[in-house]
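Student: Please arrange chain B on chain A, whose structure you already have, making use of the hints.
Sequences listed follow chains A and B, in order.
Residue 440 is where the first sequence starts when you use my numbering, and the numbers rise one by one after that.
Residue 506 is where the second sequence starts when you use my numbering, and the numbers rise one by one after that.
I should point out that these hints are in silico values taken from the structure, not numbers from a laboratory.
Please note: incorrect hints may appear among the correct ones.
The list that follows gives simulated cross-link-like pairs (lysine to aspartate or glutamate, DMTMM-like), each with its CA atoms no further than 20 Å apart [stated by the list, open to error]:
| hint | chain 1 | residue 1 | chain 2 | residue 2 |
| --- | --- | --- | --- | --- |
| 1 | B | 720 | A | 503 |
| 2 | B | 720 | A | 502 |
| 3 | A | 559 | B | 598 |
Residue strings, one per chain:
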Amino acid sequence: MDDKLLIASRVAKELHPGTLVNLGIGLPTLVAGLVPRDAQIFFQSENGIIGMQSIPEQGLEDDDLTDAGGRPISALPGAATFDSAMSFGLIRGGHLDVTVLGGLQVDRNGRLANWMVPGKMVPGMGGAMDLVTGARRVIVAMTHTAKGEHKIVDECTLPLTSARCVDLVVTEMAVLQPTPEGMVLKELAPGVSVAQVQAATGTRLIVPEHVPIMGAQ
Amino acid sequence: MSKTIKAADAVARIPDGAVLMIGGFMGVGTPHRLIDELVRQKKTRLTVIANDTARPGVGIGKLISAGMVARVIASHIGTNPETQAQMIAGKIEVELVPQGTLIERVRAGGYGLGAVVTPTGVGTVVAEGKQTIELSGKLYLLEMPLRADFALVNARQADHIGNLAYALTARNFNPLIAMAADVVLAEPQEIVPVGVIPPDAVMTPSVVVTHIIAKE
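Bound-form chain A, shown alone:
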């Protein structure tokens, strides 16, 4: 399976019926297509909608109905649209059950850096700081390393997105849970060893006696 698809499929298992979920741009967006159609998960886009479907039915595109990247979407029956103040009230106010975001670095305790590389990439934080600060549960979906560089590290060298620690990290190699004591290895991707994950990780992993295969339980 393709790495990104593997990550997105595992994240999809974390989403439960009746919950409100916000997916970041890029890899996290893939998750929407991997939950069952009848899962009754409400997807929010921070430009002002709950109940979006990523790909609009052909012929039903509307210039005034788009996702946060400006791409056309569909509104499912039961959808609601609102202004940006309410959209971020939902995010900051504890109404958002889960956000799934990409990451540049995550430290051993779960602090995330995902919005800028000083001197190289300064796109702006968009909604990321509000999402990490306000969502009930934050899941980071990212590749384990970037061109051989560690992304899971002792301490982030890039500017933080929030002081709040994320709850789960899903990569193509493993599922990891940051804790105050350090990064716990929760699951291994099929065919990946503990030693391989440790070699690709820039902080000492806490490895339980039994580490299940990703998504197998």
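Tutor: Structure of chain B alone, referenced to chain A:
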């Protein structure tokens, strides 16, 4: 007296160096006719307060490409390489603000509040130079309200006295900026008789709208 005027006459009121709030999210819900008129009248040294600067050639991106903007307050400029290039070249001053904080600063400016108190940004570079305060054991940043000389609003409908209704995700910043500027220019997709927009559906009451931009 009718509030409806031509885009050219409305934009003629905007001086060089004005502070503009502009609705829209990646160009969706942006008043495109007013933007085109700003470019045609070659305004300069503008400050733009908006969610983003869209893409080159789209919405606010047209103002950036034309070199008309001296300062941007936005949450995201990553989709417009020209904004980034002009920022690096020192031609545009950019203040990046978390999106939820940005819209609340606009709301505070329009709703008569003295500040926004938000947990977003605590412990990050966003907190630098700002007051962090502790309330009930939790840390918050004190963020200042924003106001503008002009708000450029896109609406689905306006009636003849200026009540506004918005469409789907084109609503975004529009109803908030309509409260936070000295002069509010509303560019509707259609102008309808008074009464066509039911009171419950009016999202911006007519009293805050200065001018409605006529269809031409």
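Student: For each hint, tell me whether it holds in the structure or not.
Tutor: Evaluation of the provided hints:
1. At most 20 Å may separate the alpha-carbon atoms for a hinted pair to count; residue 720 of chain B and residue 503 of chain A meet this at roughly 19 Å.
2. Proposed proximity of residue 720 of chain B and residue 502 of chain A is supported: the alpha carbons are some 19 Å apart, at most 20 Å.
3. This hinted pair checks out: residue 559 of chain A and residue 598 of chain B have alpha carbons roughly 17 Å apart, not beyond 20 Å.
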